[in-house]
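There are 2 protein chains.
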Amino acid sequence: MALKVLDNSLALTDKKLIYNERVILSENEKSPLAFLGYGDQNMNMQGSNYSFEDKLTSKLPLVIGSITELEDAYNINLTFENTNHLELKCYLDNEGRLIVEPHILKKGNWNRLWLRIVADSEEKIYGCGEQLTYLNLRKHVFPIWTSNTGVGRNKKKLVTMQADLEENAGGDYYTTSFPQATFISSHKYYCHIDDYSFVTFDFTNEQFHELLFWSVPKRLIFETSTTYKRLLGKMTKLLGRQNVLPSWTDNGIILGLTGGIKRVQQVEKKLKAGGVNIAAILCHDVNEKSQEKYSNLAETIQQWNKEDMKYLGYITPYIAKNSPNYLKLSGKQMFVKNKEGKDYTVLISHQQFVLIDLTNPMAFMWLKDEIKNKLLAIGASGWIADGGENLPADGIVFENKQAFELHNYWPVLWAKCNLQAIEETRKEAEIVYFMKAGSAQSAYYSPVLWQGMQSVDWSQDDGLASAICATLSSGMSGMGISQSDIGGNLSSYGNMRTAELLARWTEFACFSPFMRMQETNRPAVNFQAYDNNIAIEHLAKFSNIFKDLSRYRQEVIKQVTLEGLPAMRPLFIEYEKDEEAYKQRYEYLFGTDLLIAPVYRAGKKEWQVYLPDDNWIHIWSGRKYKTGYHTISAQIGEIPVFYRAYSKFSEQFEKIGNQYSKGWIQ
Amino acid sequence: MALKVLDNSLALTDKKLIYNERVILSENEKSPLAFLGYGDQNMNMQGSNYSFEDKLTSKLPLVIGSITELEDAYNINLTFENTNHLELKCYLDNEGRLIVEPHILKKGNWNRLWLRIVADSEEKIYGCGEQLTYLNLRKHVFPIWTSNTGVGRNKKKLVTMQADLEENAGGDYYTTSFPQATFISSHKYYCHIDDYSFVTFDFTNEQFHELLFWSVPKRLIFETSTTYKRLLGKMTKLLGRQNVLPSWTDNGIILGLTGGIKRVQQVEKKLKAGGVNIAAILCHDVNEKSQEKYSNLAETIQQWNKEDMKYLGYITPYIAKNSPNYLKLSGKQMFVKNKEGKDYTVLISHQQFVLIDLTNPMAFMWLKDEIKNKLLAIGASGWIADGGENLPADGIVFENKQAFELHNYWPVLWAKCNLQAIEETRKEAEIVYFMKAGSAQSAYYSPVLWQGMQSVDWSQDDGLASAICATLSSGMSGMGISQSDIGGNLSSYGNMRTAELLARWTEFACFSPFMRMQETNRPAVNFQAYDNNIAIEHLAKFSNIFKDLSRYRQEVIKQVTLEGLPAMRPLFIEYEKDEEAYKQRYEYLFGTDLLIAPVYRAGKKEWQVYLPDDNWIHIWSGRKYKTGYHTISAQIGEIPVFYRAYSKFSEQFEKIGNQYSKGWIQ
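Quick note, the sequences are listed as chains G and R, same order.
For what it's worth, full-length UniProt numbering labels the leading residue of the first sequence as 1, then goes sequentially.
For what it's worth, full-length UniProt numbering labels the leading residue of the second sequence as 1, then goes sequentially.
Each hint should be verified, as a subset may be incorrect.
[Stated by the list, open to error] Once the Cα atoms are required to be at most 25 Å apart in a straight line, the calculated DMTMM-like pairs of lysine to aspartate or glutamate come out as:
#1 R:K188 - R:D93
#2 R:K139 - G:E166
#3 R:K156 - G:E53
#4 R:K107 - G:E29
#5 R:K139 - G:D40
#6 G:K156 - R:D172
#7 R:K55 - G:E53
#8 R:K55 - G:E29
Calculated directly from the structure, the hints in this document are not laboratory data.
Isolated chain G (complex conformation) (with noise of 0.2 Å):
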């Protein structure tokens, strides 16, 4: 085959599709380069936890057959036996990004389209949205489809084996309610898919990634730099940005809490008096049942802005059946409904619930007026805007579309219904809401991804480790800002949450954008951090160094919104050369000057900790070190934190240090 160069970016040589010196697309005699087929698909839905089969009826190798140079694209046709079957137009787009449109030229009953793309076995990738389990998911299979994170996610444990017994909810190590068909290889490009269709990618070959497409998607893009900040920037220029968040986030930790206003007020008096700063106050239990015990909501807000602390509020996307609003609504075409045109009802924690049909305009419009109303107007500053992951894949919408093919694009949906209601109001500089479902755009949308509900437990599948992973491997998808629950969420068979854990993880969210905190699902019978004077005072500590960081974190927050870097890092981000750095997946950077390694294993009283080639000094002795693997003393009180000899921030990093290294929790 003859040369073919398009410009100095893109060429197709010997039938391999070159763009910015990566071999992007290539076949041999061993892997064709497409495959068509068809496929019979049995997708199980129990709440938001999804199996999902498919029957092949046919799968079809495709192989290169001819290519067409046009002026400005290269057009691959591929053939099985001899017959032209798929085209892929690939071209560059304004921005210099290499698009690969898919077109079907054989007609007949396609629905599965697999595409490799050219690996070799040194490579390595990240991203796929918020991962929980691996942050280089090379070796592994991420269908990406937004459901529940799961319980335990681990099948081989006996707290997974319960959950998926009792609803099919025990998860997986891909399970995620943020997942983005969007990846980023150490080549140094990021493939985007631009369609939210349901879509596996199988990084397990050492010779290419295979994409599965269940429809056939709009276009794949593609683009590479020089560095992974770079790379980043544009990816997230493409896809949208979280924005700066508001001051008062800054004033301390957000403490959830439930059980009505008294219970509420005594607690946090309990915190406070303790020395615990307090940013905000979030009831996830306010609703028609709890009215009673919040009667006085409205004026208990007023009273706690006044004293610099902010209330933030709970809504979802679907209402409890034959709720006040359910018989309101009925009839209306606002919900979702099945094939036989009833409302399509969802179990959720053993209550039935139908779901706001999102695609119909007075339904959306309703929903934004529920956030006016019942938050906004009584004075809340931010909630949790929980669920999204609902949609079912056989469900009917008021829009044309298949649901099948909106299910991941509904949590972005879900997000642009806050973000309108918020900008309707002209509280965008105030608000922060906390989404746990999302998927490409969502960093436009949504301000801040919540991790959602992890175990109370250290696991690398589902505790303390597994929020570490996600919160890099969500930056690595272009989602800055994310938090996870302090201490964990899910209490379930048997598993508690422990003084220790709590401690751990709150020095974890110390260095973070965010400092939130639960009292899990069954609050009565978890550690909490108002359980003795040990613990109040720990988290008083934290509450304070997180206030002292705020003119740091504010920078940090500033390169998410403007450069599109996460305030997490992989180490590998900063020191790109670095081979070891790429092995940390349970250290990051916040920002470029604090290098953070979280104890995330109980009894720990030291801590192994690699430092890439820089000049750091260990936040809380003021000892220097140099590159290379240290042993650090970690006690409880002292997550191993270094800061950058040569930070702008190094004097305040050093004042913190010595003000909080000794006297405290010992």
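Put chain R on the given structure of chain G with help from the hints.
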């Protein structure tokens, strides 16, 4: 398409292959006749537990392109996109059987073939070897791959989860040591795959049965008949039948005992003193380690024989690594090898074993000699021929064949080895051996199918109920003589045998070709027949009834040998037009004249029984019954048993009923 008729039995008209008035093959717009493809399989093996994965890289739906009518055959040419890919040569053999031979026409990398056989929604399917969970296989998928039966055999049960975690040993509804690629349709035809390669039968579709072959099979064989009984006769004529049993097996129970001759004799004497008829003692723990305890075994056997009691042993086609035999045979190509050319080691019960290479004539002979020297020479009248499920898919064998394709044939080879050892010593009429692994042709080579290690519980997945299903399904596959271990055998993860379970299982086994009892894998903690007088008395009663049934049983066994009818039969075999009869998965006819409804739940004093249209007499009460559902008194000791009033054995049955109905266990 023009009407084509090859002879009266086979016609091809309107894209339908019609054989003796049954549409066997057909295509329509929604359902192609066949598919051709390629897949990369991944077979995981732990001991004799397997899991499969298949990555398809191609799958072409094939439709009828043309039909060639030869003198003695139809050639159906199947095309994809108008290119011939596969030919199905369809013809009748000398016996009038329909043979379908697939031949690849289009060269390529094909290792997957799917064939669809016409079905309708009312149709029922039986067979596929020993199936423990389902009798009617409709709505389920059955991979044919010999393996352990599994522990619990239900992925939603804790015991299965625990076994899976430990060594992938939990099993599933389809796992069996004796799978067979043969099924019988309620349209009164059988379909047999004349090949031992991996095949999966998918009976989930209403319109077709889909067979998936992992290599192109030699041929499919179909045959029809007017009744199930004649059909079974034809099928077993093709596949081989089991022989009559040695007369000593009528003498009573076969008692499995361990721990050395001294202990064995103690137990045996205790039971005999309690009135238990013992036909044979089976010791499966006679080996190099226990030599001392069995030092006078040969003399003891002689003594036992004088007392009309036989001795049975135990042997496997694998030997412990580093055992004296291993060291002796090492380096002589006697063992199955791995890809590196080393001896393939298989972990069984935490010990490493190597597999005798049954394809090497020298190794085959050595194993035959072991049987002669270690068992026959010391006077054994039989043995458990355990194992045979272990040939690894990636093993390398002496003969130039793929281990993957030999895996299902391995147990047949192992059976052959046993039979030859006996034939060469001219002891065919005296010897019985029990094999749990097997497949097509096992009937010819092994006298008894042993159902392996059921769990010591009642369950339909893996307990007493599963043994009933196993009996009936293997009977429908041509294995007319089978036995389960009375009381089950596997006591895992806290599962323990009760006195009641042992009693109910004893009653079931009494109306079967064999009564064999083992002490379970944990004798000390499970209930044993010799644990108290009530149990001994109960066992004595049923060992007496068993003995008293000898003449009738010999008749029944003759039907196996001469007519291919299973000794224990689903009701519908004898009462074809009775729709209710098809629903009774756990009732059976022992021969034609005894109807048994084993009690397979705990705590029952009554039992609902269905009786087909005949004149029935309840053996214990002498009451007469007509067709229909009846609630019958079913105390322990009074298993629901009915005899046909007009049986030529009715007098004998009446006598048994009178003799044993009262005054025993109440």
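Taking the hints in turn, this is what the structure says about them:
no. : hint            : verdict
1   : R:K188 - R:D93  : 19 Å, holds
2   : R:K139 - G:E166 : 24 Å, holds
3   : R:K156 - G:E53  : 18 Å, holds
4   : R:K107 - G:E29  : 15 Å, holds
5   : R:K139 - G:D40  : 17 Å, holds
6   : G:K156 - R:D172 : 16 Å, holds
7   : R:K55 - G:E53   : 14 Å, holds
8   : R:K55 - G:E29   : 17 Å, holds
The earlier numbered hints are all upheld by this structure, with none contradicted.
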